[in-house]
Amino acid sequence: MINYSVDGDGIAVVEWDQPGRPQNVMNGPSLEAFFAAMDGALADDAVRGILVTSAKRDFVAGGDLQWLQRIGSAAEVFEWASGYHAATRRYERGPKPVACALPGSALGGGLELALTCHYRVAADNPGARFGLPEATLGLLPGGGGTQRLARLIGYAAAVPLLTEGQRVRAAAALGQGILDAVVPAGSERDAARTWLLSEAAGSARQPWDRKGGSIPGGGVNTPGGFQFFTAANALLRARTFDNYPAPRHILSCVWEGLGTDIDTGLLIEARYFAACVTSAEAKNMIRTQFFGLQQAGKLATRPQGVPTSQFSRIGVLGAGMMGAGIAMATANAGIEVVLLDSSVEAADRGKAYAVAQWAKWCEQGRLQPAAAQARAALIHPTTDFAELAGCELVVEAVFEDRAIKADVTRRAEAVLGADAVFASNTSTLPITGLAEASGRPTGFIGLHFFSPAEKMPLVEIIMGGQTAAATLARAMDFVKAIGKTPIVVNDARGFYTSRVFSTYVREGMALLQEGVDPVLIDKAGLLAGMPVGPLALADEVSIELMYKIVAQTRQDLGAAYVESAADQVAAHMAGTLGRLGRKNGKGFYDYPEGGRKHIWPGLAGLFPPGPQQPAAAELVERLIMVQCAETVRCLEEGVLRAAIDADIGALLGWGFPAFRGGPLGWLHTLGIARAVADLERLAQAHGDRFAVPGLLHDMAARGESFYAI
Amino acid sequence: MTEAYIYDAVRTPRGRGRPGGSLNQVTPVYLAAHALKAIRDRNGLDTAQVDDVILGCVEQVGEQAADIARVAALYAGYDLAAAGVTINRFCASGLEACNLAAGQVMAGMTDLMIAGGVESMSRVPMMSAGGAWSVDPQVAAATAFVPQGISADFMATRWGMSRRDLDAYAVESQRRAARAWGEDRFKRSIVPVTDLNGLTVLDHDETMRPDATLESLAQLKPAFAEQGRSLGFDSVILQRYPEVAQIEHVHHAGNSSGIVDGAAAVLIGNRASGDALGLRPRARIRAYASIGSEPSIMLTGPSYAAEKALRRAGMSKGDIDLWELNEAFAAVVLRFMQVLDIDHGDINVCGGAIAMGHPLGATGAMILGTALDELERSGQTTALVTLCVGAGMGTATIIERV
Numbered sequence: 001m002i003n004y005s006v007d008g009d010g011i012a013v014v015e016w017d018q019p020g021r022p023q024n025v026m027n028g029p030s031l032e033a034f035f036a037a038m039d040g041a042l043a044d045d046a047v048r049g050i051l052v053t054s055a056k057r058d059f060v061a062g063g064d065l066q067w068l069q070r071i072g073s074a075a076e077v078f079e080w081a082s083g084y085h086a087a088t089r090r091y092e093r094g095p096k097p098v099a100c101a102l103p104g105s106a107l108g109g110g111l112e113l114a115l116t117c118h119y120r121v122a123a124d125n126p127g128a129r130f131g132l133p134e135a136t137l138g139l140l141p142g143g144g145g146t147q148r149l150a151r152l153i154g155y156a157a158a159v160p161l162l163t164e165g166q167r168v169r170a171a172a173a174l175g176q177g178i179l180d181a182v183v184p185a186g187s188e189r190d191a192a193r194t195w196l197l198s199e200a201a202g203s204a205r206q207p208w209d210r211k212g213g214s215i216p217g218g219g220v221n222t223p224g225g226f227q228f229f230t231a232a233n234a235l236l237r238a239r240t241f242d243n244y245p246a247p248r249h250i251l252s253c254v255w256e257g258l259g260t261d262i263d264t265g266l267l268i269e270a271r272y273f274a275a276c277v278t279s280a281e282a283k284n285m286i287r288t289q290f291f292g293l294q295q296a297g298k299l300a301t302r303p304q305g306v307p308t309s310q311f312s313r314i315g316v317l318g319a320g321m322m323g324a325g326i327a328m329a330t331a332n333a334g335i336e337v338v339l340l341d342s343s344v345e346a347a348d349r350g351k352a353y354a355v356a357q358w359a360k361w362c363e364q365g366r367l368q369p370a371a372a373q374a375r376a377a378l379i380h381p382t383t384d385f386a387e388l389a390g391c392e393l394v395v396e397a398v399f400e401d402r403a404i405k406a407d408v409t410r411r412a413e414a415v416l417g418a419d420a421v422f423a424s425n426t427s428t429l430p431i432t433g434l435a436e437a438s439g440r441p442t443g444f445i446g447l448h449f450f451s452p453a454e455k456m457p458l459v460e461i462i463m464g465g466q467t468a469a470a471t472l473a474r475a476m477d478f479v480k481a482i483g484k485t486p487i488v489v490n491d492a493r494g495f496y497t498s499r500v501f502s503t504y505v506r507e508g509m510a511l512l513q514e515g516v517d518p519v520l521i522d523k524a525g526l527l528a529g530m531p532v533g534p535l536a537l538a539d540e541v542s543i544e545l546m547y548k549i550v551a552q553t554r555q556d557l558g559a560a561y562v563e564s565a566a567d568q569v570a571a572h573m574a575g576t577l578g579r580l581g582r583k584n585g586k587g588f589y590d591y592p593e594g595g596r597k598h599i600w601p602g603l604a605g606l607f608p609p610g611p612q613q614p615a616a617a618e619l620v621e622r623l624i625m626v627q628c629a630e631t632v633r634c635l636e637e638g639v640l641r642a643a644i645d646a647d648i649g650a651l652l653g654w655g656f657p658a659f660r661g662g663p664l665g666w667l668h669t670l671g672i673a674r675a676v677a678d679l680e681r682l683a684q685a686h687g688d689r690f691a692v693p694g695l696l697h698d699m700a701a702r703g704e705s706f707y708a709i
Numbered sequence: 001m002t003e004a005y006i007y008d009a010v011r012t013p014r015g016r017g018r019p020g021g022s023l024n025q026v027t028p029v030y031l032a033a034h035a036l037k038a039i040r041d042r043n044g045l046d047t048a049q050v051d052d053v054i055l056g057c058v059e060q061v062g063e064q065a066a067d068i069a070r071v072a073a074l075y076a077g078y079d080l081a082a083a084g085v086t087i088n089r090f091c092a093s094g095l096e097a098c099n100l101a102a103g104q105v106m107a108g109m110t111d112l113m114i115a116g117g118v119e120s121m122s123r124v125p126m127m128s129a130g131g132a133w134s135v136d137p138q139v140a141a142a143t144a145f146v147p148q149g150i151s152a153d154f155m156a157t158r159w160g161m162s163r164r165d166l167d168a169y170a171v172e173s174q175r176r177a178a179r180a181w182g183e184d185r186f187k188r189s190i191v192p193v194t195d196l197n198g199l200t201v202l203d204h205d206e207t208m209r210p211d212a213t214l215e216s217l218a219q220l221k222p223a224f225a226e227q228g229r230s231l232g233f234d235s236v237i238l239q240r241y242p243e244v245a246q247i248e249h250v251h252h253a254g255n256s257s258g259i260v261d262g263a264a265a266v267l268i269g270n271r272a273s274g275d276a277l278g279l280r281p282r283a284r285i286r287a288y289a290s291i292g293s294e295p296s297i298m299l300t301g302p303s304y305a306a307e308k309a310l311r312r313a314g315m316s317k318g319d320i321d322l323w324e325l326n327e328a329f330a331a332v333v334l335r336f337m338q339v340l341d342i343d344h345g346d347i348n349v350c351g352g353a354i355a356m357g358h359p360l361g362a363t364g365a366m367i368l369g370t371a372l373d374e375l376e377r378s379g380q381t382t383a384l385v386t387l388c389v390g391a392g393m394g395t396a397t398i399i400e401r402v
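Residue numbers (my numbering), protein chains in the order written: chain A, 1 to 709; chain B, 1 to 402.
If you are wondering where the hints come from, they were derived from the structure by calculation, not from laboratory data.
Note that the structure is predicted; figures quoted are calculated from it, not measured.
Don't be surprised by glycine CBs; every beta carbon is placed ideally from N, CA and C.
Take the hints with a grain of salt, since some may be wrong.
Stated by the list, open to error - Only part of the chain B face toward chain A is listed, based on derived beta-carbon distances under 10 Å:
hint: 1; residue: V139
hint: 2; residue: W159
hint: 3; residue: G232
hint: 4; residue: V244
Please put together the full structure from these sequences, using the hints given.
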């Protein structure tokens, strides 16, 4: 786990090398071994300096979250952190210089460990990243990171790195003073050794342990510190709506901690760290954003026994916004794309969309011009279905019209190989129905991309009634190949994401009809943690589209269709008034040219706000719980196959607030028994859309939960 | 209960509160001592009889730190027996000092007190003392901290006051202040500041702009738009009040209180101590009150404080002849008039801080004296003096001529 040796110069080499893992991670056993080695080196008279490094490509990737979650109570976390600080302080304040040679990335706990060393030298490794990303998982750097980084580079430089979890390259880390040196890869140990044998190392002391040492940019109890934190507090709240305790606690660690000595600062950090580790927000974010995404990225639910597919050429039918985005995402992964549309101009426009974006990336330094050209060369715009020959997979992204879709399906299949996957990017039409146009429905599947497709990380894979397991496996391979995250759902109206997402928008419209002030409705959406208020979102996706979907659904279901308040609002706005949404500049909002959008004044006449407005918290509850209830129904009806897919899909698909973990994660946070009670109360007051699904009742009765943690 | 009487009140003129302002040449302890000397000398006080000197001061740091009341009393040559204490209730500190002094007299624990306040905003700028509220991340989050200017703009937005409404109020404040000076209405209170040679440093309020018009004010840029937008404060208060879509930034240097230097002192005591010194009481303190309310909107406290003080006095709104509310921001006064339905003709009749400035720790004591002078001039009987206070507080005092 930790290799230890002492060389002829009296340099002890303490080398992280955890067996059976691609990465070194910090956990109880590995730290125990590390500290034992460090204590041994301190006690060994033959040792004059200590070199900390890694036998793996990277240094230490961070804390072992599974282990961290098992620590348990705040008292136990605090005790653990205190022990960690005592152990690191022994060598940090000890008589022997400690250098750290970083062959690759040092993130989270890994960087914190490096910061306990007197000298840090990193390999000039283009893939290496340095940062403290704990805040992105609802945590804070609890290994002294808030104290050492802020003391090393100053609070103003440290706070953005800490609260936003930015990862920087070696050169930037050197420039910021996080690293002492960057040397050619492979020479980092020699450089560390050279330093350890130098005169400078003899009197090595951390800046915070030097008498009269000062913090770059000054302390926090200064006029500058006052201004900085006053603004940082407001800016953080503006960004997070005070829904995320971790970045707030980080600010507190820096502000409170820098007002005292390092040892007291570490204790302060340990208290906030314990609060973060035990918070529901961290548990939710770790479950969904870390473990959930990790498993999804590994295609944990991929059918077994199907060889992994390679993709060299795929087809995209329809070069509109969505088709162009899919083509771009595919070319980004180095895969050839046949981009087909009904006219050469339309197909060329689709390619031009991608080319324009790449040009922008080049301007921003994100892409080399040569690479941009290479990617552009991968996209072949055409009108000729024959060019689809040899494609391993085709994504259809034409109009949401069954006839058109059926036509392109038949024409594409005529030239495709027997094993090729035909995928529809429909967001509304049931896959099983669309597959009726296919000559081989086992190879037909839904791949629901989100707009803009080149950017949005989620793909909702929809199994048709006859879709084969091998087709699913290939589709998942493709999603992974283009760097996106799949969730798998079964075929049903609206699938999963559109169905649940729409409940949020529709609840906002129902509130409007009840006489709730539209300003309050949309603000409640933001306070709930959603990225956009429900009415603003309705404008974005278009009220007209909702109106049309309702019309279609009503037609499909006939007498079984139950009209809702939201339907009436959509019908009135789009049908009667022609206020279609953002696309015609008229929706719930007005969009004055050159001005800021604002609620359409006529809305107050149409839906007069009641004299007594509800508290925002009530609206927040409704806007969240309506999504949660519908998600449980999707699980109950078998639309969803796994709880974690629901939560990943919600976070990545429509920006469901990460601190809640996802719709099911949120019910888990509430506790199933309380969730049942809350939904019963809401159903009583507001109707059946909040009715408790049987599944949830059963779970409550059996004392079950969606997740272990 | 013993009655507490006001025997006298003095104030310095208010100097422009930045380098170049006349009172920037003198220290805050000098200003405070100057007011203390003036109230002693013109009343022939034996300061050995003064139980305590309570001064309000907001930025108690640097040369205003370490109990400036005691140091100023010593510097003014008060008897060593006169104690001194400095208090901070933000913008109402000067009035709170008077209320605490009156309360002690009423309780029978002291006989003769001097209350007042001092602030040299030119030498110890606003926010110098820092404080936990805005800067401590936990506290700022728990209270939705925003700076006062944002609160004031939010009030105007929320209650539909236009920039023109505020500017019209400001123009009238300037007109009234100029009239009051022209008619020598402040004569009884004003003590010109003189230097160690006896040369006059300042004998008038320095920031007045009697020529201000709606047109000239219209040229001024909103003062709080930039910090509201770029530092996130607009978003913070709009999160606190989700029913409001956005803030209109309508306050500026011309319809907000001026930044000035100044000091004030008020002589308060029971009947017996006044009689012993041969002093005639000018007014009785009927009641006082301080309140707390929502801190983010911050500046709506005066109406609550006024209502509380009225209840304590067993009085109703109609019993008050004259209203004096510190003009921290034009919206504060307009909102107060809206809530209590007060005629503009009955409030701030001599102008206020928009014209003459608001030396934070001293203002409350200054406007108490202004109200008393005005009652005597106009022959009215009762006045209610109040100020909005940081962090959502309000303080009010009701006086009655005797």
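Minimum Cβ distance from W159 of chain B to chain A below 10 Å? violated, 16 Å
Tell me if V244 of chain B is really an interface residue toward chain A, meaning its C-beta lies closer than 10 Å to one of theirs. Since the shortest Cβ distance to chain A is 7 Å, the answer is holds.
Return the status of the interface hint for V139 of chain B: holds when the least beta-carbon distance to chain A is below 10 Å, violated otherwise. holds, 9 Å
Satisfaction of the G232 of chain B interface hint, Cβ to chain A closer than 10 Å: holds, 3 Å
Going through the hint list in order, the structure does not satisfy hint 2, though it satisfies all others.
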